[in-house]
Every structure is written in C-alpha cells, then in structure tokens.
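S.K.: Chain residues, written in single-letter form:
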Amino acid sequence: MQQSVLIRNNVNVIGKGNQVMLFAHGFGCDQNAWQFIIDGFTADYKVVLFDYTGSGKSDIGQYDSNKYSKLDGYAQDVLEICEALALTNVIFVGHSVSCMIGLLAANQKPEYFSKLVFVGPSARYLNEGDYFGGFEKADLENLFDFMDSNYLGWSSKMAPAIMGNPDRPALGGFLTESFCSTDPKVARDFARVTFFSDNRADLSKLKIKSLTLQCADDIIAPNSVGEFVYQHTPGNEIVFLEATGHCPHISEPEETIRAIKTFIT
Amino acid sequence: MSYPDESMSGKNHLLETLINSDELYHTAPCGYFSLSTKGEIIKINHTLLHWLGFSEQELLGTKFAALLPKGGQMHFEMFFLPMVKVDGGVKELSYELLKKDGNSLSTLLNANTILDKNGYIKAVNVVVVDVTERKNYERELLNAKSLAENEQKRLEFMADLAPEMIWTASSTGRINYVNARFCQYFNCTKNETRSSFILSKIHQLDIKKLLTSWYACQTGGSDLNETIRLVNQEGNYEWHQIKASLFVDNHGEQINWFGSCTNVEEHISQLKKKDEFINIASHELKTPLTSLKAILQLMQRMKGETSERMLSLIEKANHNISRVTEMVEDLLNTSQMNDGQLRLSKSNFNVVEMIGSCVHHIRVEDHYKIITEGDKSISVYADESRIEQVVTNFITNAMKYAPESYLIKINIENVEGFVRITVSDEGPGIPAEKTPHLFDRYYQINTTGGKYSGLGLGLFICAEIVKQHGGEIGVESTVGSGSSFWFTLPL
Numbered sequence: 001m002q003q004s005v006l007i008r009n010n011v012n013v014i015g016k017g018n019q020v021m022l023f024a025h026g027f028g029c030d031q032n033a034w035q036f037i038i039d040g041f042t043a044d045y046k047v048v049l050f051d052y053t054g055s056g057k058s059d060i061g062q063y064d065s066n067k068y069s070k071l072d073g074y075a076q077d078v079l080e081i082c083e084a085l086a087l088t089n090v091i092f093v094g095h096s097v098s099c100m101i102g103l104l105a106a107n108q109k110p111e112y113f114s115k116l117v118f119v120g121p122s123a124r125y126l127n128e129g130d131y132f133g134g135f136e137k138a139d140l141e142n143l144f145d146f147m148d149s150n151y152l153g154w155s156s157k158m159a160p161a162i163m164g165n166p167d168r169p170a171l172g173g174f175l176t177e178s179f180c181s182t183d184p185k186v187a188r189d190f191a192r193v194t195f196f197s198d199n200r201a202d203l204s205k206l207k208i209k210s211l212t213l214q215c216a217d218d219i220i221a222p223n224s225v226g227e228f229v230y231q232h233t234p235g236n237e238i239v240f241l242e243a244t245g246h247c248p249h250i251s252e253p254e255e256t257i258r259a260i261k262t263f264i265t
Numbered sequence: 266m267s268y269p270d271e272s273m274s275g276k277n278h279l280l281e282t283l284i285n286s287d288e289l290y291h292t293a294p295c296g297y298f299s300l301s302t303k304g305e306i307i308k309i310n311h312t313l314l315h316w317l318g319f320s321e322q323e324l325l326g327t328k329f330a331a332l333l334p335k336g337g338q339m340h341f342e343m344f345f346l347p348m349v350k351v352d353g354g355v356k357e358l359s360y361e362l363l364k365k366d367g368n369s370l371s372t373l374l375n376a377n378t379i380l381d382k383n384g385y386i387k388a389v390n391v392v393v394v395d396v397t398e399r400k401n402y403e404r405e406l407l408n409a410k411s412l413a414e415n416e417q418k419r420l421e422f423m424a425d426l427a428p429e430m431i432w433t434a435s436s437t438g439r440i441n442y443v444n445a446r447f448c449q450y451f452n453c454t455k456n457e458t459r460s461s462f463i464l465s466k467i468h469q470l471d472i473k474k475l476l477t478s479w480y481a482c483q484t485g486g487s488d489l490n491e492t493i494r495l496v497n498q499e500g501n502y503e504w505h506q507i508k509a510s511l512f513v514d515n516h517g518e519q520i521n522w523f524g525s526c527t528n529v530e531e532h533i534s535q536l537k538k539k540d541e542f543i544n545i546a547s548h549e550l551k552t553p554l555t556s557l558k559a560i561l562q563l564m565q566r567m568k569g570e571t572s573e574r575m576l577s578l579i580e581k582a583n584h585n586i587s588r589v590t591e592m593v594e595d596l597l598n599t600s601q602m603n604d605g606q607l608r609l610s611k612s613n614f615n616v617v618e619m620i621g622s623c624v625h626h627i628r629v630e631d632h633y634k635i636i637t638e639g640d641k642s643i644s645v646y647a648d649e650s651r652i653e654q655v656v657t658n659f660i661t662n663a664m665k666y667a668p669e670s671y672l673i674k675i676n677i678e679n680v681e682g683f684v685r686i687t688v689s690d691e692g693p694g695i696p697a698e699k700t701p702h703l704f705d706r707y708y709q710i711n712t713t714g715g716k717y718s719g720l721g722l723g724l725f726i727c728a729e730i731v732k733q734h735g736g737e738i739g740v741e742s743t744v745g746s747g748s749s750f751w752f753t754l755p756l
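Read top to bottom, the protein sequences are chains A and B. For the first sequence, position 106 matches number 106 in the working numbering, and the numbering has no gaps at all. Throughout, the working numbering is defined as the position within the second sequence, counted from one, plus 265.
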C-alpha cells in the first residue's frame with residue numbers, strides 16, 4: 001500500500017530538516033512547477049513533491065474516474081501520501097486548485113497538518129448571484145475547447161482518427177514532452193472538476209492557520225476571489241504579491257519564497 | 266573558382282535581399298512577435314499585423330492575452346506561460362487569435378526565450394503559423410469520423426437485435442466484438458472477451474475440434490462451420506452451431522473473422538430423439554418378426570399336419586403379422602404427416618354410431634366395460650375412419666396403460682360449437698410433468714420399463730388428425746384416480 005501510493009503519485013522527498021513541506025501542484029502541470037522555489041527550502045525543510053494521479057509522471061493506470069470526479073478524490077491522494085510517509089505537522093503549499101484540495105484534506109484530517117499556504121486560491125470559479133468568481137460557464141467551455149485543441153491537436157487527434165489506431169503510443173498526448181503532460185482525458189476531467197467546484201462552504205471549517213498569496217493581475221484568481229477566501233477562512237492571512245499572473249512561484253520565485261518563509265517561520 | 270563579374274553581382278544582390286534581416290522579419294510568410302516578461306507585446310512583424318488587421322501602434326505595449334478570448338487567456342496563463350518558463354519554449358500550441366474585425370484566426374504558436382547572462386528570461390519570441398486551412402480539413406475529417414462512428418453504432422445496434430450471437434475476431438482469433446445476445450447468454454460484459462473466458466465456455470470435448478478446424482480455415486481461407494457445446498448461465502451445455510467467414514482485404518490480407526453462433530440445442534435433441542426412436546422401432550419390429558420366424562420354422566417341421574397345434578400356430582402368425590402391419594401403418598401415417606400429406610375424406614356421420622363401431626371392433630376381452638354417455642344426436646362433418654382411429658387409440662391406450670381399470674367411459678358433449686369426445690379410465694393416472702409431452706412425436710410414457718410395447722406414435726398421430734380437422738386434443742389426469750383423454754371437432 002505505502003509503496004504503491006509513492007509510485008502512483010511519483011512522490012519525491014528531498015532536503016534536510018525535520019519539518020515537512022508538502023508541495024501540491026495546480027491544474028494542468030506537475031511537480032516541476034515548483035523547481036524555481038524548492039531550492040529556497042531544501043536547506044531547512046524536508047520537501048515532499050508529488051504528481052496527482054493522472055498528471056505528470058504519476059501512474060495513469062491508477063486513475064479512477066469515479067474517485068477523481070470530485071476534489072475529495074484528489075484530497076484523498078494528499079492524505080494517502082501523508083499516511084504512506086507517516087507525515088505529521090505538515091506545512092502544505094498548494095497552487096491554484098490545490099489550495100482547495102489541501103483545505104479539504106486538512107478539514108478531514110487536521111491532525112496531519114500544521115499550516116496551509118494557498119498560492120492563488122479560489123473557492124469557486126463560476127460567478128453566482130452576488131458572488132464573483134471571475135468566469136461565466138461559456139468562458140470555461142471556451143477554455144475546454146482550447147485545451148482539447150491542444151491536447152488533441154492536429155497531430156495527435158487527427159492521425160489516430162484517420163488511421164483508426166488511437167493506441168499507438170508514438171502518437172500519444174501532444175504535450176508529452178512538456179511538464180504539462182497530463183493525459184488528455186484526465187486533463188479534461190480535472191479541468192471540469194476544478195472549475196465547476198464550489199468550496200465556499202468548506203472555508204469556515206478550517207482549523208489550521210493558513211496564508212493566501214494573492215498575485216496582482218491574476219485572471220484565474222482575481223483579487224476579490226482571494227479576498228473572499230481570506231474573509232471566510234478562520235485564521236487566514238493574506239499577502240498581496242507584486243508578482244503578476246497566476247504562477248508567482250514560476251514568475252517571481254524570490255518574492256514567493258520570502259512570503260512563504262515569513263508565514264511559516 | 267571564378268565567376269563572371271555580372272552574375273556574381275546579381276547573386277550578391279539576391280543574397281542581400283534574402284538576408285536583409287529587417288525585410289525578412291517583416292515580410293516572412295509567418296507571424297513574429299516578442300513578449301516582455303509581463304506578457305506585453307514589444308515587437309511584432311507586418312505579416313501578423315496584416316493577418317490580424319491591427320496597426321503596430323495599436324498592439325505595441327498591450328498584453329498579448331488581449332488577443333485571446335477569455336478561455337484562451339486562461340490557457341495562456343495556465344499552460345503557455347508556465348511551459349515557456351519551465352521548458353524554455355512551446356511547440357505548436359493551437360490558439361485562436363482575435364482579429365480586429367472580431368473574426369478569429371486559427372494559428373499554431375511556437376515560442377522560445379531570450380535569457381540574460383544570469384539565465385533570467387528577458388523576452389519571449391513567438392512564431393505564428395496560419396493553420397486556417399488545416400483546421401477546416403480537420404473539421405471535415407472529424408465530421409467524417411463521427412459519421413463513421415454513427416454508422417458503426419447503427420450496425421452494432423442491428424447486431425444487438427439479432428436473435429443469434431454475433432461476434433468478430435482478429436485474424437489471429439482474438440475476439441474483438443460481441444453483440445448483446447452474446448452478453449445475455451454468458452452473462453458477461455462486452456469487454457469480457459479474453460480467449461481464456463471464451464474457452465472456459467466450451468465443452469472440454471469440443472475445444473480441440475473447434476481449434477483444429479479454426480486453424481484449418483485460417484490456413485485454407487475457407488469458412489468455419491462447427492457444432493459445439495457451450496455452457497449457459499445455469500451451467501448446462503447446449504449445442505451451438507458456430508459459423509464464421511474470414512474477411513480478406515484487397516491485398517489478400519486476412520482482416521477479421523465475422524461469425525455467428527446459433528443455438529441448435531432443440532434441433533440436436535430432436536435428432537437424438539429420432540435416433541432413439543429408430544432404435545426402439547427396430548426392436549419393436551424385430552420382436553414379432555422373430556416370433557414369426559420361429560413359428561414358421563415350427564410349421565415347416567410340421568408341414569402336412571393339420572392338428573390343433575398347427576391352427577394355433579397360424580393364429581399366432583396372424584397376430585404377429587397384424588402387429589407388424591399396425592406398426593408399419595403407424596410409421597407410414599407419421600411420415601405422411603411429416604410431409605403434410607394426410608388427406609381427409611370428410612362426410613357427415615353420427616358420433617355415437619362411429620364410437621359404437623370402434624367399441625365393437627375392440628371388445629375382444631370381456632372383462633372391460635365400455636359405457637358411452639352424453640348427447641347421442643350429434644353428427645359431425647369429418648373423416649370418419651381417421652376419427653375412429655383416434656377413438657380406438659384412446660380406448661386401447663386405456664386398456665394398455667390402465668389394465669386394472671375395468672370401466673372405460675366415453676362422453677360426448679356439445680361445447681360452444683364443438684363436439685367434445687372424452688375417454689376416461691380409472692387407472693393409475695399420469696404424473697403432471699409428463700402430460701405436456703404425451704402428444705409429442707417419439708414420446709413414450711415409459712420407455713425404460715419395457716413393460717409396454719409399441720412405437721409411441723399413437724397419440725402423436727391422433728393429435729395430427731385432430732389438428733387437421735381444426736380441433737384440439739388434450740388430457741386431464743390425476744395420479745391415483747384416472748385419466749381423461751379428450752378431443753374436439755368443429756360442428
């Protein structure tokens with residue numbers, strides 16, 4: 001069981017130190033997204049990296065579309081990794097959708113965690129009534145189209161379609177060489193689970209201290225969305241970064257490292 | 266090596282125009298643009314401006330994301346930018362760019378990064394290829410694909426409705442499609458078609474036979490036709506006829522087996538019954554013939570004698586002859602019925618009178634009492650001798666199978682436009698599970714005991730005669746208290 005979870009989620013443990021930091025990547029990519037900031041922590045922390053089942057170099061064979069039809073399924077991955085490595089007192093750092101995955105995991109097993117860091121969180125992406133999530137359903141359908149046409153672009157979609165041989169590995173996922181090499185079907189499911197999720201009611205249940213890192217000019221998780229998380233999560237702090245976009249850990253690693261360190265030390 | 270001056274200068278001129286980097290950049294048959302680390306357009310070529318319908322001033326300094334619909338902006342933020350930064354570039358990302366006139370341009374984007382001396386990204390260079398035509402083809406091909414898929418679904422739907430099991434297999438024999446009927450029979454899913462699963466359903470004694478002829482068909486290219494036993498959900502083996510043809514493509518390559526599998530259990534069991542019947546019939550015919558042979562041998566030794574004993578031998582010989590004749594008669598009747606050749610010669614006759622003549626012929630042994638009751642005035646239009654045959658059969662059966670019952674009642678009644686004639690005995694009765702088969706061909710109520718002789722064709726012939734007349738035939742029986750065989754004829 002333990003070993004199989006570690007293989008399933010391509011778990012990597014690096015760094016010196018006893019305090020554990022568990023980094024959870026966001027939708028679309030894999031643990032490589034953290035490469036620009038982990039050097040800032042490995043000297044003092046035990047850094048645990050992993051890929052969600054279906055992403056990166058995880059074991060796609062273990063992808064269970066039923067389990068992962070909810071963010072809870074992904075939260076289960078997080079808890080199973082903690083159990084497999086017998087981790088406690090974990091500082092969880094999640095990007096994008098992983099913020100809510102971490103929140104769900106911490107609500108279920110608060111004893112595993114000591115602090116949560118949310119990088120670009122959103123409790124709900126879709127607008128609803130007075131709530132501004134940033135997106136209408138049509139925007140998301142448009143995103144799914146973009147994803148489909150890239151995962152299943154000319155070469156990978158058409159060649160098997162014409163030759164009637166979708167199993168041929170050489171013609172596999174379009175982005176296989178990239179770090180965003182999620183399986184197309186998984187990516188489509190994960191996108192829907194991510195962007196149609198609503199975790200607003202889960203925020204108030206958190207019993208662990210948490211930090212929201214809010215980027216400037218983030219179209220995925222705009223300021224008001226980050227502030228909503230901050231206001232509705234007990235024990236949450238918010239830091240507004242100068243970094244723009246949705247991936248401060250990639251675009252402004254130093255600033256991101258500083259903000260996380262201030263919170264966890 | 267030397268060149269004439271003139272052509273040399275011409276070449277230089279041509280080369281100069283080719284490598285005039287500025288001109289090449291702006292008029293290249295693809296779009297170029299460069300982004301700052303904040304995603305702003307800092308340089309863009311004329312080709313791309315022309316494609317998009319914007320002027321340079323309108324785009325310089327603006328965010329590239331503004332040229333994308335909102336879903337595209339999300340994709341750019343979540344995929345394009347992280348990939349550029351982590352992987353150092355992107356290859357052939359498919360993006361729809363918004364033109365100034367509101368239409369979109371289908372493009373593929375390739376990007377790489379310019380780094381400073383510390384390895385930080387200074388700018389991102391992007392090449393844009395117009396793939397509008399390609400996208401159109403792609404759409405057409407996808408339409409064609411979905412048409413083909415629909416067609417396949419339609420065929421599978423039809424195959425599912427077929428009463429036979431239908432399957433296809435690769436040329437190497439791996440089953441790759443089965444219809445709904447197959448799944449119903451074996452209680453499995455459509456994916457459960459591993460060779461081991463299929464083989465586990467075939468009777469041990471038939472596996473080798475099937476595999477041998479399959480292999481022979483594959484090497485010889487002939488059709489497969491084998492009858493084997495398959496185990497059903499209840500664990501019973503039933504005979505099935507497996508037929509398959511090998512589809513060979515234009516190049517002579519073996520592509521696929523197309524096969525059916527028909528349940529022939531009923532047919533096979535009929536054949537088996539027929540074999541059993543022939544076996545019984547041969548024995549039945551042999552018995553009187555053996556007696557006859559013995560009698561004739563005796564008579565030969567006694568020739569010239571006219572003793573009492575001789576007369577008794579002649580009587581016995583006659584009896585045996587008439588038994589053989591009866592049986593041959595039955596066999597002829599049966600085969601006539603099989604061919605639909607039973608001809609009725611109908612006339613009007615009084616039912617009671619007809620019964621009277623039957624009883625008269627039968628009443629040889631005195632201890633039976635045969636009573637005829639009911640409506641004695643009823644006349645029918647039917648084949649009198651055939652109906653007499655039915656009544657005689659009922660009465661002789663009663664004597665044969667209920668020998669202890671001395672009272673045989675015959676009842677005639679008018680039931681809703683039909684005359685119903687019932688022959689009842691007070692014998693042991695017939696168990697309920699046996700009554701449905703009594704009128705089947707080759708059925709004998711007790712073939713194992715050997716207590717009763719005969720071909721077992723009597724009731725089958727009766728049923729056929731009654732059916733030909735448009736009537737019904739049946740039996741009511743209670744174990745311990747007797748049986749009532751009845752038939753009806755339309756009035």
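Read the hints as simulated data drawn from the structure, not as lab findings. Where a beta carbon is used, it is the ideal one built from N, C-alpha and C, also for glycine. Take the hints with a grain of salt, since some may be wrong.
List of simulated lysine-lysine pairs, DSS-like, C-alpha gap at most 30 Å [claimed, not checked]:
| # | chain 1 | residue 1 | chain 2 | residue 2 |
| --- | --- | --- | --- | --- |
| 1 | B | Lys558 | B | Lys568 |
| 2 | A | Lys137 | B | Lys365 |
| 3 | A | Lys137 | B | Lys328 |
| 4 | B | Lys335 | B | Lys382 |
Reference listing, derived: stretches of chain B covered by chain A, where coverage requires no fewer than 3 residues with Cβ under 8 Å from a Cβ of chain A [unchecked claim]:
| # | segment |
| --- | --- |
| 5 | 294-305 |
| 6 | 336-345 |
So the derived list for chain B, only partly shown, Cβ under 7 Å to chain A, looks like this [what the hints assert, rightly or not]:
| # | residue |
| --- | --- |
| 7 | Lys350 |
| 8 | Leu363 |
| 9 | Gln601 |
| 10 | Met602 |
S.K.: Are the hints correct? Go through all of them and say.
M.R.: A quick look at each hint next to the structure:
Between B:Lys558 and B:Lys568 the CA atoms are separated by roughly 15 Å; this keeps the pair inside 30 Å, and the hint holds. Among the hinted pairs, A:Lys137 with B:Lys365 is consistent with the structure: their alpha-carbon atoms are about 25 Å apart, no more than 30 Å. Taken as a hint, the A:Lys137 and B:Lys328 pair is honoured in the structure, with Cα atoms around 24 Å apart against an allowance of 30 Å. A distance of roughly 35 Å separates the Cα atoms of B:Lys335 and B:Lys382; the hinted pair therefore is violated under the 30 Å criterion.
Counting residues of the segment 294-305 of chain B whose CB lies closer than 8 Å to any CB of chain A gives 3, which reaches the minimum of 3, so the coverage claim holds. Remark: the segment 336-345 of chain B is confirmed as covered by chain A, as 8 of its residues place a Cβ nearer than 8 Å to a Cβ of that chain, reaching the required three. A cut of 7 Å between beta carbons decides the hint on B:Lys350: the least distance to chain A is about 5 Å, and the hint holds. Hint status for B:Leu363 relative to chain A: violated, with the closest Cβ pair at about 12 Å, above 7 Å.
Nearest Cβ of chain A to the Cβ of B:Gln601: about 59 Å, over the 7 Å cut. The hint is violated. Restraint check, B:Met602 versus chain A: the minimum CB separation of about 56 Å is more than 7 Å; hint violated.
In summary, the structure is inconsistent with hints 4, 8, 9, 10 from the numbered list given earlier, while agreeing with the others.
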